[in-house]
Amino acid sequence: MSTILVFAEQQDGVFKKAGFEVVSQARKLADESGADVVAVAIGSGIEDKTGVLGEYGADRILLADDEKLENYNPETYKNVFVAAARDTKAEILLFSATTTGKDLAPRIAAAMDSSMASDCIGIGLNDGKLNVDRPLYAGKVFAHIVIEGNPQIASLRPNVFEAVKSREGQNVSAEKISLPDLASKISVIEVRRSGGDKLDVSEAEIIVTGGRGVRGPEHFDIIEELAHSLDAAVGATRAAVDAGWRPHEDQVGQTGKVVSPNLYILCGASGAIQHWAGMSGSKCIVAINKDENAPIMKKADYSIIGDLFEVVPVMTAEVKKFRE
Amino acid sequence: MKIAVCLKQVPDTEANIKIASDQKSIDESAIKFIVNPYDEYAIEEALKLKESQGAESVIAITLGPDRAKDALRTAVAMGVDDVVLLKTSANSSDALSAAKSLAAKIKETGAEMILLGKEAIDDGSMQVGPMLSELLNIPCITVVTKLEVNGSSVKAEREIEGGVEVLQTTMPCIITCQKGLNEPRFPSIRGVMMAKKKQISEEAVELDDAKLAVSSLSYPQSRSEGKIVGEGTEAVPELIRLLREEAKVI
Amino acid sequence: MNLVGQIVLILCILGAVLFFAKEIRLRYRLVKLGAKGPQRWDRPVERLGYAVGRVGAQICSIKDRPLVGIMHAFIFYGFIFFAVATINHVTRAFAPEFSLWGHGLFNNLWFLGVDIIAILTSIGAVFLFVRRYIFKPEPITKPWPFSRSPQSAIVLGFIFGLMVTYLLNQGADMILTGKSFAAWMPFSHAASTLLTGMSIPSLQIWNAVFWWAHILMVLGFLVLIPHSKHLHLIAGPINIFFRTREPDGTLQKIDFENTEEFGVTNVNQFQWKNIMDFFSCVDCGRCQDVCPAYASDKPLSPKVVMMSMRKHILHEADHLISGQDVSEPVMDKWQTPDEIWACTTCGACMETCPVKNEHIQTIIELRRGQMMMENKFPQELEPAFRGLETNSNPWNLGMSERATWTEGLDVPIMTEKGEAEYLWFVGCSGSFDDRGKNISHAMAKILNAAGVDYAILGTEEKCCGDPARRAGNEYLFQMMAEENVATFKQHKFKKILTSCPHCYQVIKNEYSQFEGEFEVVHHTELIAGLLDQGKIKLSPNGDGKMTFHDSCYLGRYNDIYEAPRKIMKAMSNGNLAEMVHSKNKSFCCGGGGARMFMEESIGTRINHLRVEEAEQVGAETIGVACPFCLTMLDDGVKEKGIEASLQVKDIAQLVAEQLV
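Heads up: the sequence lines are chains A, B and C, in that order. Heads up: the first sequence begins at 1 in my numbering, then just goes up one per residue. Heads up: the second sequence begins at 1 in my numbering, then just goes up one per residue. Heads up: the third sequence begins at 1 in my numbering, then just goes up one per residue.
Just chain A, with the same shape it has in the complex (with noise of 0.2 Å):
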């Protein structure tokens, strides 16, 4: 009987939907190839909390349980994975392509001497290879790809798959494992949650951009509440800036900064060249605009044709719905 390890991510002491999506998918490769699915869930304090992954589909349930491994650290989570994985001669790792999975993974395959698919968007088995999907160059091309060796080791990119409770109802127990040597060389000073801080342009990976057609620096109010519903960054066009609706730094174009995230929303501007040079590497550029003849309209990924006034607040308020 083979084994599927999966790592199921928690952070505060709270499972990670990532990881129920990586546990379902587990579920479906080992129905197809008559595999266990054995997540394995590291942490301080969470014993009680595993019962869901059995639900999700997990056959068991490893569990390392203490107070050195509250926070994230990945010398210390990497050697309690690898040791699981020795354990349980598991020959698929899954893991969630979080910003923890995707620290985590590649080094447990280097650990383990395998190479590994991260970020993968569909999975599957064949000949007891594991065939994945995974985008490269910006998602420009896709790639098929077949892992050899053992274990085979993909991550996979977190809201592609669905998380399903398939044994709803399902009580798995957690069996503590044996925890090896938690020393580390890293040590964790301080985590601090954002909230509040003003996301930089630079940075984020999600920015709303009002222009002209927001009229003033009062009415930037409906477009940093969006951008907070996203935790999003507020940037600016040029036309905003120069009429000194907003700081400088604000301002995303040609001359001011150029940004590629992943999702763009340009509310109430043309996306004139200056304009579009600063953003066009966007990955999701979304466009709302009065005018439907405006340039960005044919460039946008999604384009709603409305008044910013009215369109903004529905967007907030629909986003907050999901978000919660």
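There may be inaccurate statements among the hints.
Mimicking DSS-like on lysine-lysine, the simulated pairs with C-alpha atoms at most 25 Å apart in a straight line are [stated by the list, open to error]: (1) Lys321(A) / Lys198(A); (2) Lys197(B) / Lys495(C); (3) Lys140(A) / Lys68(A); (4) Lys227(B) / Lys290(A); (5) Lys196(B) / Lys495(C); (6) Lys28(A) / Lys248(B); (7) Lys417(C) / Lys48(B); (8) Lys283(A) / Lys227(B); (9) Lys185(A) / Lys198(A); (10) Lys198(B) / Lys48(B); (11) Lys321(A) / Lys146(B); (12) Lys165(A) / Lys17(A); (13) Lys495(C) / Lys417(C); (14) Lys198(A) / Lys146(B); (15) Lys248(B) / Lys140(A).
If you anchor each label on the Cβ, the simulated ranges turn out as follows [what the hints assert, rightly or not]: (16) Gly128(A) / Thr170(B): 58 to 66 Å; (17) Lys198(B) / Thr259(C): 13 to 21 Å; (18) Ser601(C) / Asp221(A): 24 to 32 Å.
Just so you know, these hints were derived from the structure itself, not from any lab. Since the structure is predicted, the reported quantities are computational estimates derived from the model, not experimental observations. Even for Gly, the Cβ is constructed at its ideal location relative to N, Cα and C.
Dock chains B and C against the given chain A, drawing on the hints supplied.
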């Protein structure tokens, strides 16, 4: 102290990527290559550390075909002291074999601070930094947005979901750099001209047999150029759905 | 005159002349020490003729300021006459009866001339004094402290004094010698009436006083000349002789292979001609008067660049002459970044300069030094440079997208067509910028309608390099230029057609520095020709008033004023107004000199000023002939919120709309 920077030459972000006739690789003929933007943060940080810590030298290492020399020249133009090309015959999509070659070279240089970008924008794997950590058995902190070095002690701020983590370690160590860490300098024209004349040393490397192979490449479903979701507030729920389910960006 | 007087006179003359010679020699040596540059001895006869004509007829000073210029001309001719009259004046100390022209009719005519000139010169001096010190016009009194030196007062006082003492001296002479020249010297005679009634001895004393005062003022003036802007008496005409014969603003090539220093960081790196410019500057402020940067409250005034450099080089004179290093760099004490980066290279300063100074060359040399030697330049330019380097366009948009604007249109590509009469160099704006693409679409429609044999380069095309060169990044410019010239040479065509005056200037006048000699046509020239030949026909629609905004690089740089006007006239039913600044006096849109890719955060907006001029003439349409002008003015119109009443379009767009 010696500082090593691992960098990668990648297609320009604006490049039009076309799949080659073998269906497994891309057609490089019309592609302009650049230094991986995240590696520019690494170069900049290395140069800043050299200035602030009085480091002996900064060496930039890259793994790739002959054209990757251009990336090294950019590093020289920015101010890196030494460069070496680990010349490969084929492009590998396997980070582990690349990390092994790099690790061997890093060991040889005796560098105590190893900097690289948090990821290369071509394959976006984010693996080499953490893998080097295992292979060299030294700590690695990834996705760093702030770095303080004091003697051999290293304090780094690392971006995590919904916040920042402050970590401490000691050199030798590996840091992978995220945007926000610094503003990479624009290579001076004099630097560019000097770099043009620089002899780039190269060492041929044989990559391990990859345990990971691209069997085929394909284009994503073509996103139609601009989709007007609708008019007014009624279109908002559909937009949010598309952003979540189709674009998967929120 | 007695012997003591004669000895004193000779000593005074010797002292003044030696001092003058020493100071002039110093300046001559400073010019000679300047870096090598074009020698400008080509076509010496033509150059001489131009300089003599320009100065002799006083076109230099009259052309842009007629009244002031005429007053200046009085003084100028006063100098010419008095240079000779002074010889007579001095010789009288030794031979009272001597006159250069003997004692015939010509001598009489000569004295009549001098008499009249003396009065006109006095009028000129008083006029200029009143203008400068009572009316205080901005161009000559601002910015402080450059333009409020008392030197001009002293000099004008000397000039006035010279005339007065001459007339009084001659008047006294008339009484004392009893020879009446009243008919030939009416003004001296008039002066003599002031002296009548004086006793002979006191008249003799006064006569000597006037005589000495006159000669001492002449000598004092000689001493003052080299130290003041009045050096232009000597340097100006020479500078006009050495004027550039290329279109204004055409920049020189840097030979990267054979030089270690690029541009200017230290004053000793300026070329000899730049230094000549510094010494020639008259502080007249004509350049400042027409400078769009100055008009929009930027800290740049072209004359201040010249005067500040003159001060700086004199300050460093000892170091320079003795071959030592200069004590300080030009930046930031003698020039500031905000000054040199404010220039739009519009060339209005060079167009108006009475001594033919080349302000742009000096400013670009400083930019080159900052950019290439110091790596200091406005940060906003970095993406543009990266874009040119990586994707051959200043916006860093994918180079594979360069020809996507042609989708759905019938636009032939050179590689497919093989050969064509016109190689249409579309340019970056025309290829990537939505507003520029509208011009390209219009142009394609016109070319196809007229059946013009043309093709574009498609993805083979690269930026012409203008923004890089104007921003001082000569290295990057040369890369672009060499690549484009090589591409051009691979194709068969007769002429290059450009839609952008910047491409036009660079390809036509600057690619020759890279062994690329091409016949270049701007689209306004081509369209005007097509209209003439009847290959296209227009049906003017609407009767809204139009105006035409001259692009600096098309107009001032390349003298194309009539072709666009011809088209505008045809389109506007004759309802075409000229703005207050037009043709060679046109006012920049603010986008030249790589300013298109920089922030304009100081002062007011240049494009706003220009849009206001269009509003003043009641225009409903501004026709332009440059994609940069289109962007700048269209932005200006939108920023002012008047897009409903004023539209900005390229001539090609307007023509395409009216095409029958």
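Consistency of the hints with the structure:
Between Lys321(A) and Lys198(A) the CA atoms are separated by roughly 23 Å; this keeps the pair inside 25 Å, and the hint holds. As the CA atoms of Lys197(B) and Lys495(C) are separated by approximately 37 Å, the hinted pair breaks the 25 Å bound. The hinted pair formed by Lys140(A) and Lys68(A) fails the criterion: a straight-line CA distance of about 42 Å is larger than 25 Å. Only pairs whose Cα atoms come within 25 Å are accepted, and Lys227(B) paired with Lys290(A) is accepted, the gap being roughly 15 Å.
Between Lys196(B) and Lys495(C) the alpha-carbon distance is near 35 Å, which puts this suggested pair outside the 25 Å criterion. For a cut-off of 25 Å, the pair hint linking Lys28(A) to Lys248(B) stands: about 22 Å separates their Cα positions. With a C-alpha separation of about 53 Å, the suggested pairing of Lys417(C) with Lys48(B) is violated against the 25 Å cut-off. Restraint check for Lys283(A) and Lys227(B): the C-alpha separation of about 15 Å stays at or below 25 Å, so the hint holds.
Of the pairs offered as hints, the one joining Lys185(A) and Lys198(A) is violated, with about 32 Å between alpha carbons and a cut-off of 25 Å exceeded. Of the supplied pair hints, the one linking Lys198(B) and Lys48(B) holds, its CA atoms being roughly 22 Å apart against a limit of 25 Å. Taking the CA atoms of Lys321(A) and Lys146(B), the gap is near 34 Å; set against the 25 Å cutoff, the hint is violated. For the hint linking Lys165(A) to Lys17(A), the alpha-carbon distance of about 12 Å falls within 25 Å, and the restraint holds.
With a CA separation close to 15 Å, the supplied pair Lys495(C) and Lys417(C) stays within the 25 Å bound. Proximity of Lys198(A) to Lys146(B) is assessed by CA-CA distance (about 17 Å); at most 25 Å being required, the pair is judged to hold. Restraint check: the Cα-Cα separation between Lys248(B) and Lys140(A) comes to about 15 Å, which is no more than 25 Å; the hinted pair holds. Range check, Gly128(A) to Thr170(B): Cβ separation about 43 Å, and the 58 to 66 Å hint is violated.
The beta-carbon spacing between Lys198(B) and Thr259(C), approximately 20 Å, falls within the hinted interval of 13 to 21 Å. The given range of 24 to 32 Å is respected by Ser601(C) and Asp221(A), whose C-beta atoms sit roughly 25 Å from each other.
Violated hints, in rising order: 2, 3, 5, 7, 9, 11, 16; the structure is consistent with all others.
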